[in-house]
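Asker: Please put together the full structure from these sequences, using the hints given.
Chains as they are written, first to last, in the numbering used here: chain V, 435 to 853; chain P, 79 to 171.
Rather than coming from a laboratory, the hints here were simulated on the basis of the structure. Given the structure is predicted, the values throughout are model-derived calculations rather than measurements. Just so it is clear, CB atoms sit at the ideal spot from N, CA and C, and this is done for glycine as well. Honestly, I wouldn't trust all of these hints.
[Claimed, not checked] If you only want the chain P side, here are some residues facing chain V, beta carbon under 7 Å, derived: (1) S87; (2) G90; (3) S119; (4) T140.
[Said to hold, decoys possible] Straight-line Cα separation of at most 25 Å, DSS-like style, residue types lysine-lysine; simulated pairs: (5) K125(P) / K80(P); (6) K474(V) / K633(V); (7) K101(P) / K474(V); (8) K720(V) / K168(P); (9) K101(P) / K720(V); (10) K104(P) / K125(P); (11) K168(P) / K470(V); (12) K720(V) / K549(V); (13) K80(P) / K104(P); (14) K80(P) / K474(V); (15) K160(P) / K470(V); (16) K125(P) / K470(V); (17) K462(V) / K166(P); (18) K101(P) / K168(P); (19) K104(P) / K160(P); (20) K168(P) / K125(P); (21) K474(V) / K104(P); (22) K160(P) / K474(V); (23) K720(V) / K125(P).
Single-letter residue listing:
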Amino acid sequence: MLKLILDILSVPAILVGLIALLGLVMQKKSTSDILKGTIKTILGFLVLGGGAGIAVGALENFGLMFQQAFNVQGVVPHNEAVVALALETYGTTTAYIMAFGMLANILIAKFTRLKYIFLTGHHTLYMACLIAVILMVSGLEGFVLILIGALVLGLTMAFFPAIAQPTMRRITGTDDVAFGHFGTAGYVLSAWVGKLVGKGSRSTEEMNFPKGLGFLRDSTVAVAIVMGIFYIIVAVGSGAAFVSDLSGGQNHIIFAIIQAITFAGGVYVILQGVRLILAEIVPAFKGISERLVPDAKPALDCPVVFPYAPNAVLIGFLSSFVAGIVGMFILISLDATVILPGVVPHFFCGATAGVFGNATGGRRGAVIGAFAQGLLITFLPVLLMPVLGDLGFANTTFSDADFGIVGILLGNLAKLFMN
Amino acid sequence: MKILVACGSGLGSSFMMEMNVVKVLKELGVENFEVDHCDLSSAATIKADIYIGTRDIASNLTSLGDTISLNSMIDLNELREKLEGMLKQKGLL
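Answerer: Listed below in structure tokens is the structure:
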């Protein structure tokens with residue numbers, strides 16, 4: 435019997451399903467809704483694993499070609515890919531930390547002045563995963579691991595929205611909505627840089643911007659295109675003969691394009707899985723927190739600020755991406771691990787940094803602030819990778835700024851205490 | 079009736095708007111509806127009666143069918159007004 439319970443509680447998919455089940459029961463849903471929601475959540479977790487296989491297969495080929503071409507290790511930071519990979523080993527711990535971390539967030543909002551409820555569910559999942567990896571790598575286990583992990587997660591969920599709030603008030607003109615995305619350190623940096631450099635600069639919204647770049651909003655397409663360029667560069671760089679061995683004889687350019695689109699497809703499948711999982715858990719979290727902490731502010735995902743400054747969104751993306759390329763060359767010259775500019779983090783984080791920089795420093799703030807953010811998310815992953823254990827050797831890592839900051843702090847603290 | 083809410087990656091914002099749409103539909107007393115959320119790529123493959131997105135992405139949805147473009151994804155009053163207008167126009171309210 436004990437063995438059966440242990441089996442149930444140590445399969446991440448079932449554990450997440452149980453959390454959804456609990457949430458649905460607490461919301462007094464009908465039996466059919468409860469059954470449907472629980473199964474969809476478990477399905478989501480399994481779909482996520484399938485997507486990981488697709489994305490990682492394509493990344494492995496990328497790593498091999500990059501190494502052959504430039505004789506250095508190249509890493510594409512991509513939350514979805516690294517999380518899907520990590521969940522195979524750290525899934526159960528992640529699920530526990532996520533569930534209790536959300537509870538900790540509600541309690542912190544209830545009893546302290548940090549009245550923010552973090553509703554960007556996929557980032558909660560990714561942060562829970564990062565914390566699980568780091569604490570387990572540093573040797574913690576059992577009850578202590580879950581307790582510390584949940585507290586750290588709950589704190590990050592309340593702390594980061596709090597430091598973004600002063601700029602959020604300027605962007606939205608109200609104090610009703612908060613910002614919940616784990617790239618916040620970069621946006622605060624951008625707002626700070628904007629304040630320094632932006633004196634007298636006019637808003638980005640007073641100019642016309644080409645509508646033709648609108649397709650970049652479609653992140654799957656953007657990932658495929660930008661990754662395609664990278665894949666073609668490494669395929670040409672590593673030579674047709676080398677690629678031919680990898681591809682089983684296929685033309686190296688065709689292979690590069692197909693691998694890039696395969697990677698985008700893997701990410702797409704992972705996102706479908708994440709979406710299935712969150713669909714049942716987030717409304718429960720929202721429902722419970724609204725009842726328990728009615729005066730709390732909901733902290734929402736990046737795009738919540740996009741409509742306030744659509745031009746700054748594109749300027750921020752381009753500026754951040756250029757910073758990623760500049761940072762990549764700096765890393766190559768330093769002979770360090772090379773971080774390639776990932777299109778998803780530079781799009782979402784760069785865009786948001788653009789909006790934050792514009793709010794404090796107009797056009798100059800948007801450009802230079804987003805550039806600073808782009809450098810930040812290029813260098814943080816290099817420092818983060820050593821604390822990730824075996825995961826640090828995969829060809830991908832966490833991208834957004836707060837993952838780097840929390841991970842580096844937590845990893846080094848844990849090392850200090852465990853020795 | 080099926081309503082589809084879309085955003086860039088189909089995770090956070092569209093989900094938040096979906097929950098708001100459900101809330102508004104209940105307030106309006108509408109029954110027999112289905113609301114879902116997704117990313118822009120998937121939106122083109124899903125048949126819906128009404129598509130919803132914020133104004134920065136709504137232009138990518140209009141070719142799919144009736145689209146509501148929101149200036150703010152958190153403003154319930156704007157959503158209520160535009161959704162009510164659309165439902166009346168379609169004779170569903």
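Asker: Hint by hint, say whether it matches the structure.
Answerer: Outcome of the hint check:
1. S87: 5 Å, holds
2. G90: 3 Å, holds
3. S119: With Cβ-Cβ at 4 Å, under 7 Å, it holds.
4. T140: Nearest chain V Cβ about 12 Å off; hint violated.
5. K125(P) / K80(P): At roughly 8 Å apart (the allowed maximum being 25 Å), K80(P) and K125(P) satisfy the hint.
6. K474(V) / K633(V): 51 Å, violated
7. K101(P) / K474(V): 22 Å, holds
8. K720(V) / K168(P): 32 Å, violated
9. K101(P) / K720(V): 13 Å, holds
10. K104(P) / K125(P): 22 Å, holds
11. K168(P) / K470(V): It is violated: about 31 Å lies between the C-alpha atoms, which goes past 25 Å.
12. K720(V) / K549(V): 14 Å, holds
13. K80(P) / K104(P): 14 Å, holds
14. K80(P) / K474(V): Status holds; Cα separation ~20 Å.
15. K160(P) / K470(V): At roughly 31 Å apart (the allowed maximum being 25 Å), K470(V) and K160(P) break the hint.
16. K125(P) / K470(V): Between K125(P) and K470(V) the Cα gap is close to 22 Å, so the pair holds against 25 Å.
17. K462(V) / K166(P): Violated - the C-alpha atoms of K166(P) and K462(V) are around 32 Å apart, more than 25 Å.
18. K101(P) / K168(P): 20 Å, holds
19. K104(P) / K160(P): 15 Å, holds
20. K168(P) / K125(P): Since the Cα atoms of K168(P) and K125(P) sit roughly 16 Å apart, the hinted pair holds (cutoff 25 Å).
21. K474(V) / K104(P): 24 Å, holds
22. K160(P) / K474(V): 31 Å, violated
23. K720(V) / K125(P): Not satisfied, since the Cα-Cα distance of roughly 28 Å exceeds 25 Å.
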